[in-house]
Amino acid sequence: MNPLLLPIFLPLIAAPLIPALSPRIPKFRELTGIFISIAVFIASVSLFRETAAYTVPWAGFGFDFTLRIYPFAAFILCAVSGFAVLVSLYSSVFMQSKPNADWYWFSFLITLGFANGVALSDNLVLLLFFWEGLLVTLYLFLALARENTECKATAMKALIINGVADVLLMVGIGITGCLAKTMSMSSIAVAPLQISGWGLAGFLFMALGAMAKAGAIPFHTWIPDAATDAQLPFMAYLPAALEKVLGIYLLSRVCLDLYSLNGSPAMKIILMTIGAVTILVAVMMALVQSEYKRLLSYHAISQVGYMILGIGTGVPAGIAGGVLHMINHAVYKSCLFLTGGSVEHRTGTTKLAELGGLAASMPVTAICFVIAAASISGIPPFNGYFSKELIYKGALDTGYTVFFIAAELGSLLTLASFLKLGHSVYFGKKPEAAPEVKEAPWQMLLPMGVLAGICVVFGFGAKLPITLLIEPSLAGTLSSLPEHLYGFHFDKLFLLVFAVIAAALLNHWFGVRSGGSPQKASEHIHHAPVLGTAYTLAKARVFDPYDQGMTLTFFLGRGLYVLDRVFDFLIDTLPTAITEYGALLVSKFHTGFYGYYLAWIMAGFILLALLVSYTGALP
Amino acid sequence: MVTSLPYFAFIAVPALAALACPFAARIKPRYADILANTALAVGLLTALSFIPEIAKPLTLQAWNMGTGLSVFNNDVFSLLMLITVYMVALCTAFYSIFHEMPDGRRGVWNALILVCAAAMCGVAAARDFFTLYVFVEVTAVASYALIAFEDRRESTEGALKYFFLTAPASTFIVLGVALLMLYTGGTSFGHLAQAMSSSGAGDSAVAIILGVMACGFMVKAGLVPFHGWTPDAYQSAPAPVSALLSGVVTKAAGVYALIRIALALRVIYPAHAANAVGQALMFFGALSIVIGALGAVYQRDFKRMLAFSSISQVGYIVLAAGAGTPLALAGALFHLFNHATFKTALFLNSAAVEKQTGTTDMRKLGGLEARMPWTALTSNIAILSTAGIPPLSGFWSKLIIIVALWKAGLQSYAAIAIFASVLTLAYFILMQSRVFFGKTPEHLAKVSEARAGMLLPPILLAAVMIAIGFYFPLLFSNLVEPAAKAFL
Amino acid sequence: MNLHLFLLCLLLAFGLLSVMARSLLLAGISLAAASVSLTLVLFEMNAPWAGVFELSVCAGLITVLFVSTVSVVRREEQFIAENRLRFYSLPFFLAVFGMAFWLFAEPLTRALVPAVPPQVQINVGTTLWQLRWGDLLGQLCVFVAGALAINAFFRNKNNA
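Residue numbers (this note's numbering), protein chains in the order written: chain A, 1 to 619; chain B, 1 to 488; chain C, 1 to 160.
It is worth saying that the hints were derived from the structure and are not from the lab. Quick caveat: nothing in here was measured; it's all calculated off a predicted structure. Possibly wrong hints are sitting among the right ones.
If you want the ones that stay clear, here's a sample from chain B, every Cβ over 10 Å from chain C, calculated [what the hints assert, rightly or not]:
hint, residue
1, A15
2, F23
3, R26
4, R127
5, D128
6, T131
7, P168
8, K355
9, A414
10, L425
11, F437
Computed footprint of chain A on chain B; a stretch qualifies when at least three of its residues, placed anywhere within it, have a C-beta under 8 Å from a C-beta of chain A [unchecked claim]:
hint, stretch
12, 161-167
13, 211-221
14, 228-240
15, 275-284
Idealized CB from N, CA, C, for every residue including glycine.
Using the sequences and the hints given, assemble the complete structure.
Written out as structure tokens, the structure reads:
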């Protein structure tokens with residue numbers, strides 16, 4: 001059994017066992033989930049240093065089952081399975097009393113298997129197969145999350161948005177495969193395609209597909225809805241971690257291996273613009289949220305903008321920054337979601353208005369939150385700062401300072417919203433109605449702690465992730481990162497961070513003053529002149545492409561119905577009527593009278609004579 | 001020369017058995033049945049055994065004036081007809097074992113079937129138009145007697161119509177033969193071929209001769225507008241006789257000769273375009289397809305519906321024959337054989353239904369599938385094959401015909417053929433649903449499945465259809481293409 | 001008007017009479033007369049053997065017909081009301097057809113010029129026994145079929 005197959009097939013084989021056996025064996029699903037995740041993690045770690053490939057011809061036309069492990073893939077594999085271990089441990093407690101837990105664990109394992117498949121696959125069609133498989137588990141996670149109808153609507157929304165994106169990806173893969181005349185990614189990587197003509201379309205579609213998975217604008221609208229409707233570990237697992245990892249992984253492969261991004265300045269600008277817009281729009285939305293998880297989900301969308309911006313710069317610093325940000329973000333974002341989960345588990349609510357002063361009763365959670373929040377805001381010495389720094393350097397290198405400004409502004413607003421969040425939930429006064437709570441159980445604290453710890457480690461030892469993970473991953477596609485670019489530097493960017501921190505603190509103090517409580521710290525921005533209207537419209541879902549699309553579909557449906565009636569007439573009613581008439585005519589002629597039939601014979605003979613004499617008169 | 005001897009035996013053996021049948025029946029009625037079935041079975045097996053050795057091309061061979069033995073044909077087409085005739089006659093004779101009739105009449109019944117079979121073999125084996133005509137007349141007499149065998153009013157009416165409408169047909173045929181004799185000095189296929197290949201200005205004469213003959217044969221085949229006798233004869237005849245009539249009598253008496261004429265035309269007209277008689281054949285064929293299909297749609301009696309369906313299918317055969325290209329002729333032959341299989345199966349099944357339920361009116365029937373599963377199954381298979389649904393045999397023959405028409409540039413005829421296929425499927429589904437599908441009404445609740453013996457021929461025929469359908473792609477390059485090439 | 005044409009017209013007239021006659025007996029007689037005139041035509045065309053065969057058929061035919069007619073007809077006058085219009089249309093159509101044929105006779109005879117010269121005369125024996133033994137076999141089959149058919153019909157009649 002080839003070791004490459006383990007990370008993919010082990011979870012896939014274990015998954016069906018859960019709905020089958022868990023009614024009979026107590027705790028079966030949690031234990032299976034945790035153990036399989038640990039097993040896959042160990043398998044991934046053992047594959048870490050290897051470079052191997054495994055090919056099985058599958059369906060002809062170049063659709064082969066090709067797996068390949070190389071540093072980047074190994075890195076992704078470890079990341080995915082590592083998160084699986086942590087989230088499975090967390091879920092073992094969180095999901096105990098939640099509905100449809102069997103299906104949750106089932107989807108969990110299948111997602112793990114398929115995600116590993118995406119990471120390991122070397123054939124574009126195989127990648128697409130695993131990628132699309134993730135759609136199914138996404139739907140399962142969302143549709144079965146709660147016993148109400150909203151989650152089904154959210155599930156459908158997520159399915160359609162991701163489905164559309166996957167179709168784009170499919171088209172892009174098709175074009176790429178045709179252009180390169182092969183579906184094998186490693187073969188294409190030897191000579192990446194140019195982004196011109198059809199290559200432009202292929203690159204664009206694949207990039208859009210990858211970015212949609214990661215959750216960039218305009219494919220992001222399902223994530224905040226999922227945040228309220230789905231179970232929390234799902235949020236920590238998929239939108240926070242896995243989707244970003246896989247999406248950015250694919251995006252970087254598209255930009256570096258399959259196509260050479262550096263050859264197309266226009267594409268770079270487009271990518272950077274998408275990134276910058278995502279950063280700003282999402283963080284503006286995040287700022288005014290009043291619910292813990294929704295706020296976090298908007299931030300998840302926003303951070304993706306950084307990654308896309310980084311990769312879009314095309315310079316080594318930016319790309320390395322984007323990929324580093326991917327892993328850093330996964331770490332701190334899932335940590336943040338897990339803290340939110342702990343709060344929900346103990347207090348039963350995630351509305352900011354009902355929470356407060358939890359630092360005293362849930363100290364460990366609070367500390368993890370602070371570390372993660374500092375990371376996400378880009379405050380040294382945590383990991384977020386270092387990846388953001390690389391991205392800033394990359395953005396500056398391109399010469400378009402507007403992107404740098406957008407990124408810095410994003411950081412400012414991120415910090416502002418986390419100040420609001422932290423102040424409201426952990427620090428500040430406890431509302432009278434809130435019950436007394438204890439700290440979360442150890443199964444929940446451990447993953448949080450591990451992730452927070454990684455934030456610290458990747459922060460203080462900033463060279464560690466770069467040399468260990470990033471550089472080997474991007475080796476061969478990038479000129480190596482100059483030593484001086486990463487790690488801690490005392491330079492202008494560092495000073496700028498303090499300016500940002502100061503500005504955010506000022507904004508928060510002003511907001512608390514004018515709003516009256518920490519929860520209302522962003523109200524001054526919420527009701528600012530132009531922004532206020534924009535926020536109102538956003539709340540009415542005017543900017544949601546999905547909802548607008550659905551309205552359009554309704555009218556389209558009406559029109560198609562009319563068309564269908566026309567076709568029905570042509571195909572069904574008309575021929576039947578003609579046949580009936582013909583048959584009646586024929587039956588009228590068959591009178592049964594012998595003489596009449598004889599007359600026909602004579603008529604036929606005359607007809608024959610005529611036909612024979614006029615040759616060629618008939619077709 | 002020597003190989004024409006066995007062909008003579010194909011005619012003589014059933015004829016002798018026919019003479020013996022009434023006497024055998026006097027000893028015990030069953031003996032007549034056994035004699036008839038044995039004779040036909042032996043004949044079928046012998047005919048099948050000839051398949052490997054036969055490789056003669058399908059030409060109008062020159063008639064050897066010196067020796068008289070080469071009177072009978074020995075090419076692939078004749079062999080195919082022989083096999084078809086024996087197969088259908090055997091099914092009919094086998095079914096007759098279970099058909100109710102007074103004991104004293106069994107001998108005559110079997111004898112008539114044998115004579116009919118012998119005569120049809122004679123038609124198939126004849127190498128001369130006059131001989132062919134004589135055997136066609138024998139077929140007519142025997143069929144007439146068979147149709148009117150059970151002394152019912154409508155069957156007598158059907159038989160009378162048949163006889164009196166094929167009388168002008170015989171006139172036309174004889175007229176044509178006489179003109180041929182006048183023009184070429186002889187009546188054999190060889191004479192015709194000789195005349196056609198040698199004369200340049202004789203085109204109009206050939207067209208007149210063949211046209212007149214074709215008119216007569218078209219009546220015998222049951223093409224529109226010469227088909228007046230067909231629905232009444234098929235509907236009113238006793239059940240096994242309908243199978244025999246539809247399966248082989250019209251084929252042997254009419255279609256065979258038409259295809260021989262089409263073959264003859266290929267001598268001077270390799271392509272169809274300038275061919276007057278071929279064009280006429282195609283026109284009448286297409287007319288039959290459409291009118292047969294339209295006529296079948298709203299029939300209330302399922303035997304009558306099957307009769308119109310036969311008209312339609314014979315139209316396909318003649319349309320393809322008229323087109324005249326090698327592929328089209330191959331398709332016509334294949335469809336001829338296929339039609340014999342499915343129509344026989346359908347008529348025998350209808351006989352079983354009639355026997356078990358006592359009626360052939362579709363308005364009074366319904367839901368028989370539960371009570372008569374095997375009958376329903378074989379009917380379904382036969383219907384799907386007739387309509388041309390893959391992977392059954394009918395699909396392949398129709399496909400070949402349509403492709404051949406298209407390739408010959410006759411797109412409009414091909415379109416008519418395709419359209420009629422849809423109609424065919426439509427009326428057959430109507431028939432099936434009315435007779436077999438749905439819930440069983442109370443008055444039919446006691447109906448039981450037909451006896452095993454009655455089911456045997458349809459089951460075997462269905463097996464043949466399925467086997468040919470599945471094996472056909474394998475056989476295509478081995479059978480169809482050489483057969484098509486054999487049409488020189 | 002030569003003998004040949006006269007005899008043919010006679011044949012046609014008797015045939016027409018046999019179809020249109022109201023009395024069965026008259027129909028039978030005119031059929032016999034038509035058969036006789038056909039025999040004369042054949043003799044006139046120098047085909048004595050054919051004439052002889054035709055005469056024998058005629059004789060047999062007359063016998064059978066008269067016997068069966070007499071056995072069927074019970075009373076002298078047995079009128080069944082029917083529409084005679086159909087019958088009177090027959091001579092009319094015959095006349096039309098005759099005229100049409102007269103018009104087309106010229107091009108037809110021109111078209112049907114023999115392609116090959118007529119064969120050397122072979123005698124009847126060779127014709128029947130060597131060249132056309134297939135037809136003889138066919139004829140035997142006709143006899144068998146005819147006998148069986150008569151058996152099928154009239155046996156039933158006798159039984160019923």
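Against the structure, the hints come out as follows:
1. A15: violated (6 Å)
2. F23: holds (12 Å)
3. R26: Holds, because the least Cβ-Cβ distance between B/R26 and chain C comes to about 12 Å, which exceeds 10 Å.
4. R127: violated (8 Å)
5. D128: Violated, since 7 Å does not exceed 10 Å.
6. T131: Incorrect as stated: the minimum Cβ-Cβ distance to chain C is 4 Å, not above 10 Å.
7. P168: It holds; B/P168 is separated from chain C by about 13 Å at its closest Cβ, greater than 10 Å.
8. K355: With a cut-off of 10 Å, B/K355 remains clear of chain C, as the shortest Cβ separation is near 21 Å.
9. A414: holds (34 Å)
10. L425: About 39 Å separates B/L425 from the closest Cβ of chain C, which puts it past 10 Å; holds.
11. F437: Per Cβ check, B/F437 is outside 10 Å of chain C; nearest 39 Å; holds.
12. 161-167: Our answer is that it holds, as 3 residues pass the Cβ test (under 8 Å) against chain A, meeting three.
13. 211-221: Since 5 is at least three, the answer is holds.
14. 228-240: Coverage by chain A holds here, the residue count being 4 at a Cβ distance below 8 Å.
15. 275-284: holds (count 8)
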